[in-house]
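Please construct the entire structure, taking both the sequences and the accompanying hints into account.
Residue numbers (the numbering used here), protein chains in the order written: chain U, 3 to 149; chain A, 3 to 149; chain S, 3 to 149; chain D, 3 to 149.
One or more of the hints may lead you astray.
Note that identical chains are pooled: a pair holds if it fits in a single copy or bridges any two copies.
[Claimed, not checked] Derived DSSO-like pairs: lysine-lysine, alpha-carbon spacing no greater than 30 Å straight-line:
#1 Lys144 / Lys80
#2 Lys76 / Lys98
#3 Lys80 / Lys142
#4 Lys144 / Lys98
#5 Lys143 / Lys98
#6 Lys76 / Lys142
#7 Lys142 / Lys98
#8 Lys98 / Lys80
These aren't lab readings, by the way, just hints derived from the structure by calculation.
4 protein chains.
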Amino acid sequence: MIKKKSEEPALIDRTTLQVRFSEVDAMQIVWHGEYIRYFEDGRESFGRNFGITYMDVFNSGYTIPMVEINCQYKFPLKIDDRAIVETRFINSDAAKIIFEYSVFRESDNLLVATGRSVQVFLNEDFELELVSPDFFVEWKKKWNIIR
Amino acid sequence: MIKKKSEEPALIDRTTLQVRFSEVDAMQIVWHGEYIRYFEDGRESFGRNFGITYMDVFNSGYTIPMVEINCQYKFPLKIDDRAIVETRFINSDAAKIIFEYSVFRESDNLLVATGRSVQVFLNEDFELELVSPDFFVEWKKKWNIIR
Amino acid sequence: MIKKKSEEPALIDRTTLQVRFSEVDAMQIVWHGEYIRYFEDGRESFGRNFGITYMDVFNSGYTIPMVEINCQYKFPLKIDDRAIVETRFINSDAAKIIFEYSVFRESDNLLVATGRSVQVFLNEDFELELVSPDFFVEWKKKWNIIR
Amino acid sequence: MIKKKSEEPALIDRTTLQVRFSEVDAMQIVWHGEYIRYFEDGRESFGRNFGITYMDVFNSGYTIPMVEINCQYKFPLKIDDRAIVETRFINSDAAKIIFEYSVFRESDNLLVATGRSVQVFLNEDFELELVSPDFFVEWKKKWNIIR
Numbered sequence: 003m004i005k006k007k008s009e010e011p012a013l014i015d016r017t018t019l020q021v022r023f024s025e026v027d028a029m030q031i032v033w034h035g036e037y038i039r040y041f042e043d044g045r046e047s048f049g050r051n052f053g054i055t056y057m058d059v060f061n062s063g064y065t066i067p068m069v070e071i072n073c074q075y076k077f078p079l080k081i082d083d084r085a086i087v088e089t090r091f092i093n094s095d096a097a098k099i100i101f102e103y104s105v106f107r108e109s110d111n112l113l114v115a116t117g118r119s120v121q122v123f124l125n126e127d128f129e130l131e132l133v134s135p136d137f138f139v140e141w142k143k144k145w146n147i148i149r
Numbered sequence: 003m004i005k006k007k008s009e010e011p012a013l014i015d016r017t018t019l020q021v022r023f024s025e026v027d028a029m030q031i032v033w034h035g036e037y038i039r040y041f042e043d044g045r046e047s048f049g050r051n052f053g054i055t056y057m058d059v060f061n062s063g064y065t066i067p068m069v070e071i072n073c074q075y076k077f078p079l080k081i082d083d084r085a086i087v088e089t090r091f092i093n094s095d096a097a098k099i100i101f102e103y104s105v106f107r108e109s110d111n112l113l114v115a116t117g118r119s120v121q122v123f124l125n126e127d128f129e130l131e132l133v134s135p136d137f138f139v140e141w142k143k144k145w146n147i148i149r
Numbered sequence: 003m004i005k006k007k008s009e010e011p012a013l014i015d016r017t018t019l020q021v022r023f024s025e026v027d028a029m030q031i032v033w034h035g036e037y038i039r040y041f042e043d044g045r046e047s048f049g050r051n052f053g054i055t056y057m058d059v060f061n062s063g064y065t066i067p068m069v070e071i072n073c074q075y076k077f078p079l080k081i082d083d084r085a086i087v088e089t090r091f092i093n094s095d096a097a098k099i100i101f102e103y104s105v106f107r108e109s110d111n112l113l114v115a116t117g118r119s120v121q122v123f124l125n126e127d128f129e130l131e132l133v134s135p136d137f138f139v140e141w142k143k144k145w146n147i148i149r
Numbered sequence: 003m004i005k006k007k008s009e010e011p012a013l014i015d016r017t018t019l020q021v022r023f024s025e026v027d028a029m030q031i032v033w034h035g036e037y038i039r040y041f042e043d044g045r046e047s048f049g050r051n052f053g054i055t056y057m058d059v060f061n062s063g064y065t066i067p068m069v070e071i072n073c074q075y076k077f078p079l080k081i082d083d084r085a086i087v088e089t090r091f092i093n094s095d096a097a098k099i100i101f102e103y104s105v106f107r108e109s110d111n112l113l114v115a116t117g118r119s120v121q122v123f124l125n126e127d128f129e130l131e132l133v134s135p136d137f138f139v140e141w142k143k144k145w146n147i148i149r
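Below, the structure is given as structure tokens:
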């Protein structure tokens, strides 16, 4: 798989989390599927800090299902570790919400995982929106992502 | 805590499941919280077999949030184990749905956990129903739980 | 079920958490099983603050599997809510670790759930310890729970 | 991201699963992270059917952490749906275990998601193996994947 070179992020959020006992698997490392939750933690922290939470979107008349997610694992997190999730908003001309993620071990800033997610907009009739909804365009303007 | 002697179950369902790798914790045993999902597996299997799934209830105009759940752990399940969840409907005069659960290791029928859950009825205005909804009374009659 | 009156807690920890999107179920409320994780969040915060984490216990030669857990649900948490988990250590003469939990909605301190968990000690041969291990007795003395 | 054309699968497993109530999110569809568990269900079913479970690998002296996973979502699964997970072993000359996944809605065989995972071998000293372990080569020969 050839990964497209990441574009310049328009906005960046960083949030920290504590590894939970229940997230550790039989190999004594965080189960790989938990990073999908960590990315969600990052995305939700981003939403709260930049005014674009799931409920903000929902109240504008849209839902934003995931259409693609991926994760690359570099180094395992273990019990008692704390992690930093960096969430970067990647602007796109398409009617999509694209985030890239980097997860770092807090103690030494070691990069432990990276990822990327793509969401689309469904309107209240669950139809795919082919152009970015007005509220999303306004949000981008507010944060100087577009003019 | 003094546990009330279990009443006679009115209907019984049994379903089997396979322990998943991701359910095992750092102690190499199934994480205790996963049994709450196993009980849900049992409750949903019961619902499919006796015609009272979450969607059946929802389409009758009600939701049935949990108000109490408990679990007693007797013996750990491990990776590669299969388990049988026995779900027993306990009739009550109150407007409640009460289930009791027994989880057995499939290989030798060892009892590994027991539990009990209590759900109530909320109507479409999210108000607590103090008497059993008609659809629930009819369901009990259909299965000869009440006359 | 008749619940034994709670004993006086010996030590208390309070930690806050953010409800995650993935924790909300089809009823638009936090899925009941997630509170078992919230209790674990509380127990782990307690462990870090009072020097008795899972790894502290493990390094003393013991594991502490759950033998009983229960949860009573008073009011639902929803998306975007924050919650406070209060974890109270209940001293026991038996070789058990007993915690009681109260979960509050942060915005108005509404009590949303309560619970209790009981753990036992297994030694390195996975045998049940019938008397409290020395490290646990020392830990209690350090915090003036016993003399 | 440009996805490499999938190679011919060497072995294929199909397993079915029932969507659980707790897997559905606030959008009334299966939460995207649950598909990572569905892929694991597929991988474990594959392992049981072709004699290469996690414990088989572990007993050969290796662990096989995930180094990359991705998922593309085509159509949402909902409550009460059943799904088929097709897991395809993709042979590689590298010391890697590669699987591709297709998830179908059982009722009409609609393709709802696809994915791919890559695992590597760590020996008992947690060092990365650069060539395929003997047991893995033997396993491939047994199934006529290599000569």
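Which numbered hints does this structure break? none
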